[in-house]
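Trainee: The residues making up each chain are set out below.
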Amino acid sequence: MKKQLAIILGMILTLFGCSQDSSGTEEFLGCSQENCILVYDGVEYITYDTTSMQRTGKISTKENDFQYRLSKYDQYITYGNSVTSEFKIMKRVNERLETIYVHPSKTEAIFPFAYVKDEPIFAVMDYDGDKQKFIGLFHLKKNQLEQLPTKQNEKTKKIFGIGISANDQMYTLLHEDGVQNLYKTNINLSKFELIAKDVTQNLSTLYEDVCYMKDQTLYCGKQVLTKLQPKTVLAWVVGDQYILEVDDIGNYEVRAVKDKQLLLSGNKFIGFDEKSSEVRIYSEGKMEKLGD
Amino acid sequence: MKKISKLLASAAVAVSIFSYSIGTADAASQAKTLTLPSSYGTLTSNAWRSGLTSSGNTYQFEYQTSAVYSGSQTVEWIKTSWETCASLRNSASMSIGVSGDGVSASASSSWQNICASAYWQNSNGSKGAYSNRRNAVIKPKSDYRSGTVSIQNEAKVKLKGDARSWAINASV
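If you're matching them up, the sequences are chains P and B in order.
So the first sequence is numbered by the numbering used here: it starts at 1 and just counts up by one.
So the second sequence is numbered by the numbering used here: it starts at 1 and just counts up by one.
Hint data in this document are derived by calculation from the structure and do not stem from the laboratory.
Take the hints with a grain of salt, since some may be wrong.
Stated by the list, open to error - Below, a list of computed lysine-lysine pairs in the PhoX-like style, where the Cα atoms sit at most 20 angstroms apart:
no. : chain 1 : residue 1 : chain 2 : residue 2
1   : P       : Lys131    : P       : Lys106
2   : P       : Lys117    : P       : Lys133
3   : P       : Lys231    : B       : Lys127
4   : P       : Lys106    : P       : Lys133
5   : P       : Lys275    : P       : Lys117
6   : B       : Lys32     : P       : Lys214
7   : P       : Lys131    : B       : Lys160
8   : B       : Lys32     : P       : Lys62
9   : P       : Lys141    : P       : Lys214
10  : P       : Lys214    : P       : Lys191
11  : P       : Lys231    : P       : Lys117
12  : B       : Lys160    : P       : Lys133
13  : P       : Lys117    : P       : Lys184
14  : P       : Lys197    : P       : Lys222
15  : P       : Lys214    : P       : Lys184
16  : P       : Lys142    : P       : Lys91
17  : P       : Lys155    : B       : Lys32
18  : P       : Lys157    : P       : Lys214
19  : P       : Lys197    : B       : Lys32
20  : P       : Lys214    : P       : Lys231
21  : P       : Lys62     : P       : Lys88
22  : B       : Lys160    : P       : Lys157
23  : P       : Lys289    : P       : Lys72
24  : B       : Lys160    : P       : Lys158
25  : P       : Lys91     : P       : Lys275
26  : P       : Lys106    : P       : Lys58
27  : B       : Lys127    : P       : Lys214
28  : P       : Lys72     : P       : Lys91
29  : P       : Lys157    : P       : Lys131
30  : P       : Lys155    : P       : Lys197
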């Protein structure tokens with residue numbers, strides 16, 4: 001009887017539970033029940049019940065564990081602790097995250113940076129001592145990080161890990177004179193074309209253009225897309241068709257890029273997903289879909 | 001800042017006054033601080049609530065939370081996210097003083113842990129995010145399990161020129 005119970009328990013753990021390898025590294029994180037999906041809240045993945053439409057927990061309960069993703073390309077995300085600088089790369093498999101690479105350094109962090117020619121590109125930063133240092137750009141080769149040949153210059157020294165891409169166009173923020181300046185760059189980091197000075201970190205894209213917030217205005221490229229509402233704290237272009245604005249207490253609005261018509265609104269915003277032109281908005285009590 | 005310092009100071013006094021009383025309605029406060037790496041300074045999470053008071057067929061309490069960054073870096077955004085929980089039954093409800101916040105237990109007579117959450121985020125460079133002092137209401141009194149109110153506040157901050165985020169929790 002005990003043996004049967006052990007076998008059944010083992011099967012349940014294999015099918016649904018968080019498993020561990022011999023070194024104690026968690027291989028899978030995320031949903032273990034039906035009607036559960038992963039939702040990214042801006043800094044971390046939470047589990048969300050699609051029946052009650054409520055958040056049910058975090059994928060990690062360890063303080064200062066966060067995840068980092070590029071919203072249009074979230075198949076590979078990075079996971080790390082901001083205090084201990086233990087980082088890894090995880091692959092999203094449906095509603096779970098599978099560890100595919102554990103970074104050996106305890107002073108470095110890995111951030112998703114771009115997606116170029118169907119390949120995820122990562123930035124590695126070093127935080128040894130009081131100064132942060134950009135190590136370089138890397139890609140995955142047989143689930144190991146391999147450094148890409150990039151230039152080292154005065155501009156690359158100011159990269160701090162934030163990048164985004166669309167249609168193989170790459171953009172990055174540089175920390176210059178205390179502000180975050182947005183540049184268009186390339187995979188070799190040999191060119192830096194200034195797009196805008198003093199912008200926020202939440203970047204998005206509209207086709208091949210980069211979109212950003214500056215002075216309560218949402219820009220794409222060098223063009224104003226829309227003036228943001230006074231209480232808006234976060235704004236993105238999502239699915240190349242919609243403008244998503246979230247205010248200081250989680251009220252949100254979605255408008256069409258083309259005519260600024262209000263399409264959706266709600267409160268208790270949690271996060272969004274964008275896949276091609278399909279966009280999903282998650283909040284406490286509502287789960288809405290736009291597009292395909 | 002002065003306002004919340006006063007609140008916390010008064011809460012501390014309240015804790016000392018009521019700490020020996022029998023019952024579960026004591027005021028409580030907690031401040032927890034995280035020292036950020038890279039000599040960035042500190043992030044503090046503050047949570048405070050008053051003792052429960054009885055009014056008609058309701059229990060009520062006031063509460064306040066905050067996230068405070070202390071350091072020389074410029075803040076990208078700072079956020080205080082709080083979750084208020086209580087053990088309720090028989091469709092009893094709890095509101096936490098923010099719009100659309102009402103939560104209820106199911107009709108079951110078994111005790112259920114019911115939570116309501118909200119947040120406040122600043123992205124204007126301010127080094128603090130403070131929830132307003134709010135009033136929470138639980139009703140009816142008979143379907144609240146004594147001593148089960150809790151508030152957990154998570155303070156989060158992102159600084160300009162750094163891709164990492166930081167968080168620290170305080171609970172009362």
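Trainee: For every hint, state whether the structure bears it out.
Mentor: Hints versus structure:
With a C-alpha separation of about 15 angstroms, the suggested pairing of Lys131(P) with Lys106(P) holds against the 20 angstroms cut-off. With a C-alpha separation of about 27 angstroms, the suggested pair Lys117(P) and Lys133(P) falls outside the 20 angstroms cut-off, and the hint is violated. Taking the CA atoms of Lys231(P) and Lys127(B), the gap is near 17 angstroms; set against the 20 angstroms cutoff, the hint holds. Between Lys106(P) and Lys133(P), the direct Cα distance comes to roughly 14 angstroms. Compliance with the 20 angstroms bound is thereby established for this hinted pair.
For the suggested pair Lys275(P) and Lys117(P), the alpha carbons sit about 17 angstroms apart, so the restraint of at most 20 angstroms is met. Annotation: proposed proximity of Lys32(B) to Lys214(P) is violated, straight-line Cα distance about 33 angstroms (limit 20 angstroms). Restraint check for Lys131(P) and Lys160(B): satisfied, since their Cα atoms lie roughly 14 angstroms apart, inside the 20 angstroms limit. As the CA atoms of Lys32(B) and Lys62(P) are separated by approximately 16 angstroms, the hinted pair is consistent with the 20 angstroms bound.
About 37 angstroms separates the Cα atoms of Lys141(P) and Lys214(P), which puts this hinted pair outside 20 angstroms; it is violated. Under the criterion of a C-alpha separation no larger than 20 angstroms, the hint pairing Lys214(P) with Lys191(P) is inconsistent with the structure, at around 23 angstroms. For the proposed pair Lys231(P) and Lys117(P), the alpha carbon gap of about 38 angstroms is over 20 angstroms, so the pair is violated. At roughly 15 angstroms between alpha-carbon atoms, Lys160(B) and Lys133(P) fall within 20 angstroms of each other, so this suggested pair holds.
Note on Lys117(P) and Lys184(P): the hinted pairing holds, with a Cα-Cα distance of about 17 angstroms set against a maximum of 20 angstroms. Straight-line distance between C-alpha atoms of Lys197(P) and Lys222(P) comes to about 11 angstroms, which keeps the hinted pair within the 20 angstroms bound. A distance of roughly 17 angstroms separates the Cα atoms of Lys214(P) and Lys184(P); the hinted pair therefore holds under the 20 angstroms criterion. About 13 angstroms separates the Cα atoms of Lys142(P) and Lys91(P), which keeps this hinted pair within 20 angstroms; it holds.
Note on Lys155(P) and Lys32(B): the hinted pairing is violated, with a Cα-Cα distance of about 38 angstroms set against a maximum of 20 angstroms. Distance hint between Lys157(P) and Lys214(P) is unfulfilled; the C-alpha atoms sit about 23 angstroms from each other, more than 20 angstroms. Under the criterion of a C-alpha separation no larger than 20 angstroms, the hint pairing Lys197(P) with Lys32(B) is inconsistent with the structure, at around 35 angstroms. A C-alpha spacing of about 14 angstroms is found between Lys214(P) and Lys231(P), which places the hinted pair at or below 20 angstroms, so the restraint holds.
Between the alpha carbons of Lys62(P) and Lys88(P) the distance comes to roughly 15 angstroms, so the proposed pair stays at or under 20 angstroms and holds. Under the criterion of a C-alpha separation no larger than 20 angstroms, the hint pairing Lys160(B) with Lys157(P) is consistent with the structure, at around 16 angstroms. The suggested pairing of Lys289(P) with Lys72(P) holds, with an alpha-carbon distance near 16 angstroms, which does not exceed 20 angstroms. Pair hint Lys160(B) plus Lys158(P) holds up; C-alpha atoms about 12 angstroms apart against a cutoff of 20 angstroms.
Between Lys91(P) and Lys275(P) the alpha-carbon distance is near 16 angstroms, which keeps this suggested pair within the 20 angstroms criterion. A C-alpha spacing of about 24 angstroms is found between Lys106(P) and Lys58(P), which places the hinted pair above 20 angstroms, so the restraint is violated. Distance hint between Lys127(B) and Lys214(P) is fulfilled; the C-alpha atoms sit about 19 angstroms from each other, no more than 20 angstroms. Restraint check for Lys72(P) and Lys91(P): satisfied, since their Cα atoms lie roughly 14 angstroms apart, inside the 20 angstroms limit.
Only pairs whose Cα atoms come within 20 angstroms are accepted, and Lys157(P) paired with Lys131(P) is accepted, the gap being roughly 11 angstroms. With a CA separation close to 14 angstroms, the supplied pair Lys155(P) and Lys197(P) stays within the 20 angstroms bound.
In summary, the structure is inconsistent with hints 2, 6, 9, 10, 11, 17, 18, 19, 26 from the numbered list given earlier, while agreeing with the others.
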